[in-house]
Amino acid sequence: MTFEPKIVGFLCNWCSYTGADLAGTSRIHYAPNVRVIRVMCSARIDPTFVLKALTDGADGVLICGCHPGDCHYSEGNYKMMRRYPLLKKLLADYGIEDERVRLEWVSASEGQRFADIVNDMTERVRALGPCSVKTDLATDMAER
Amino acid sequence: MEDLKIGVYICNCGTNIAKVVDCDAVVESAASLPGVVVSRPYKYMCSNPGQEMIVQDIKEHGLNRVVVSACSPRMHEPTFRKALQNAGVNPYFLEMANIREQCSWVHEDGAQATEKATSLTRAAVLRVAQHEPLERRSVDMCKNLLVIGAGITGMTAALDLADAGSKVYLVDRADRLGGNVARVDLTAPYLDSARDMMTERMTRVVEHPNIEVLLNSEVEDVSGFVGNFQTTIISKPADGKGTPTKVTHDVGSVIVCTGYKEFDASRITHYGYGKLPNVVTSFEFEKMLRAGRVETKEGKAPQYVAIVHCVGSRNMEFHPYCSRVCCMTALKYAQEVKSAVPGAYVSDIYIDMHAFGKGHEDFYRRSSEVKTLFLMYAKNDYPVIRKAGPKDDCEMLIEVNETLSHETIEIPADMVILMVGMEAREDSGEIARLVNISRDKDGWFIESHPKLDPVATTTDGIYIAGGCQFPKDIPDSVAQARAAAARILGRIAKGKLDIDAVFAEVDEDHCSGCRMCNELCPYTAIEYDAEKKRSHVISALCKACGACVAACPSGAIAARHFTDRQIYAQIEGVLA
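Keeping their order, the protein sequence lines are chains A and B.
Under the working numbering, the first residue of the first sequence carries the number 1, and numbering increases by one thereafter.
Under the working numbering, the first residue of the second sequence carries the number 1, and numbering increases by one thereafter.
Since the hints were made in silico from the structure, they are not lab data.
Since this is a predicted model, take the numbers as computed values, not measurements.
We treat Cβ as the ideally placed atom computed from N, Cα and C, and that holds for glycine.
Check before you lean on any hint, since a few could be wrong.
Chain A regions said to be covered by chain B (calculated; three or more residues, Cβ under 8 Å) [stated by the list, open to error]:
#	stretch
1	28-39
2	48-55
3	64-73
4	108-121
Pair ranges (Cβ atoms, derived) [stated by the list, open to error]:
#	chain 1	residue 1	chain 2	residue 2	range
5	B	T248	A	F3	56 to 62 Å
6	A	F3	B	P320	37 to 43 Å
7	A	A138	B	D221	49 to 55 Å
8	A	L90	B	D352	56 to 62 Å
9	B	K532	A	M141	38 to 44 Å
10	A	T25	B	D221	30 to 36 Å
11	A	F3	B	D381	45 to 51 Å
12	A	R124	B	D381	37 to 43 Å
13	B	E430	A	T25	25 to 31 Å
14	A	L90	B	P450	41 to 47 Å
15	A	F3	B	D250	54 to 60 Å
16	B	C514	A	L90	18 to 24 Å
17	A	G129	B	D140	55 to 61 Å
18	A	M141	B	R487	53 to 59 Å
Isolated chain A (complex conformation) (with noise of 0.2 Å):
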């Protein structure tokens, strides 16, 4: 049997969960990985959630906001932008393989490609297999 990865996706309400949305009443089929959190802006997005996705069992997390330069709330995803790279730099050192945590822009009106990247990332952390981050902490609190 393959590996399904699970991948949780926080989406923000005006551009990219509208645009999922799109997808859907377009019928354009993508992967049923991506399980999706609707927060306001990408700007909400606590870096401890996707932490805690992480060590909740997930195997990826994606992250989807605005296009720069259309943010309902003006400037959200560029406080997420700036988070990110931060994010990420904590992820290597905790051996997070990079392809496990991803951001994308997606407008309202790209259905297509909320589906191509959500395709693109099952393939991509499907490859990576399981994330380990769960069973190693489990593992430590063991041995503690």
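Take the given structure of chain A and dock chain B to it, following the hints.
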């Protein structure tokens, strides 16, 4: 705290969800989750009996939380919140799981879709357990209106509101009223004069005591929220000299009516526009008609006039969409040419004849009766226009691969009219950012719902009407203008507005007074109290983006309805 009593409802949406997702399996799985006392499927949850089922269960089982797994919350969250409210439960004790747009419509494999629907429903159940009751805020509705764009759409909306007693600020970048329709001669299909229509509108607008016309002007800023916007408008002096003036006004609503621009015909090289002097665009031809002089650059009456449809429209290379007005306008030209130059030969080179509107088919028939030669060409197989030789009795020759006869036909022309399509204005991105609305892939503004809410946008209090939303003719533009006006008047009639209870809050006990959030807030909604050395949120200005919440180093700010605990619960739910 009282015991959790959660009701879970899995919508079949007819077969939209049920044909892919095993709804009964989702129901069964949800039934075993902590706090769930009722778990049911239903054919259409949004229907009256569906909503009534929730209300009855609330009464019968004392439910205090509700999860509806159905379509996107962007579609029916307000519907179900209302159902909770009707049953006396705080509307924010609802959570929806999107198992249609983001599940059954995008996945083929039933087992995987069912697993995903189960997982999303579980996340919603865990999240709703963390919900808090919130009270909606009531604010005043300012009667004043800002209209951006003074074409036929903007003027019509302005007049409706002004007649009803609102003060209207009607702004246009141009130095005149009227927009694109003011460039048109007669209108299809009844051949009434655009000039007469516009004169009536313009005179009324200019003379109306409640309308302030600001030409040569741009809206620099729109801040605030529905019912309570502040706008800054910059006006250049009419003569171009002197310093621009800046005014600020309070308005309750904004209607964007910025229209469209015509396609640049020189982008299609096959037509020789800009090189062959007698190849003109439809707007250039309108100018001739308005001046009453249909003649070539050389001053001669054209004996052969050819009209080419879909210039820049219905073409993957330029714009894939139909511009909607050109077919009827082309037929109008056929009739106008015949009356301006009796005996002229008119050929009409088209892809498909779109005659969908009221009176359009009759108009098409009448145009055929005046002996117009119709030639059909295939999409992307452009007719080629070239200069005629010295022996020809015409200026140009057009080669058309005619699809009905399957022949290549060469036709003479002294004048060619290119039916240029409509495209989004270059400043549409700027306008979208100014009033905080979205654009589609072609640059047109996106409406709140394509069928049920066509003139509202995702920003409450901002409306769109006319050609800026998508190409449309005068009747449709005017209908949208009046629809937007009616939407606003409905709210003015009510006097007060209920606005969302979702905003950020600072827990002053945990705030360290670092002021990081003050700088982050795009709406300057966070104020620092120097005496207390604490920050606090001005809730009326907060738009609930949550940027400050994620940034607060003390974790002292909570986003109501999007708290850390609620999102953590959702993460646990999808990964359980």
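To see whether the hints hold, each was checked on the structure:
no., hint, verdict
1, 28-39, "holds (count 9)"
2, 48-55, "holds (count 4)"
3, 64-73, "holds (count 4)"
4, 108-121, "holds (count 4)"
5, B:T248 to A:F3: 56 to 62 Å, "holds (60 Å)"
6, A:F3 to B:P320: 37 to 43 Å, "holds (39 Å)"
7, A:A138 to B:D221: 49 to 55 Å, "holds (54 Å)"
8, A:L90 to B:D352: 56 to 62 Å, "holds (58 Å)"
9, B:K532 to A:M141: 38 to 44 Å, "holds (42 Å)"
10, A:T25 to B:D221: 30 to 36 Å, "holds (34 Å)"
11, A:F3 to B:D381: 45 to 51 Å, "holds (49 Å)"
12, A:R124 to B:D381: 37 to 43 Å, "holds (42 Å)"
13, B:E430 to A:T25: 25 to 31 Å, "holds (28 Å)"
14, A:L90 to B:P450: 41 to 47 Å, "holds (42 Å)"
15, A:F3 to B:D250: 54 to 60 Å, "holds (59 Å)"
16, B:C514 to A:L90: 18 to 24 Å, "holds (21 Å)"
17, A:G129 to B:D140: 55 to 61 Å, "holds (58 Å)"
18, A:M141 to B:R487: 53 to 59 Å, "holds (57 Å)"
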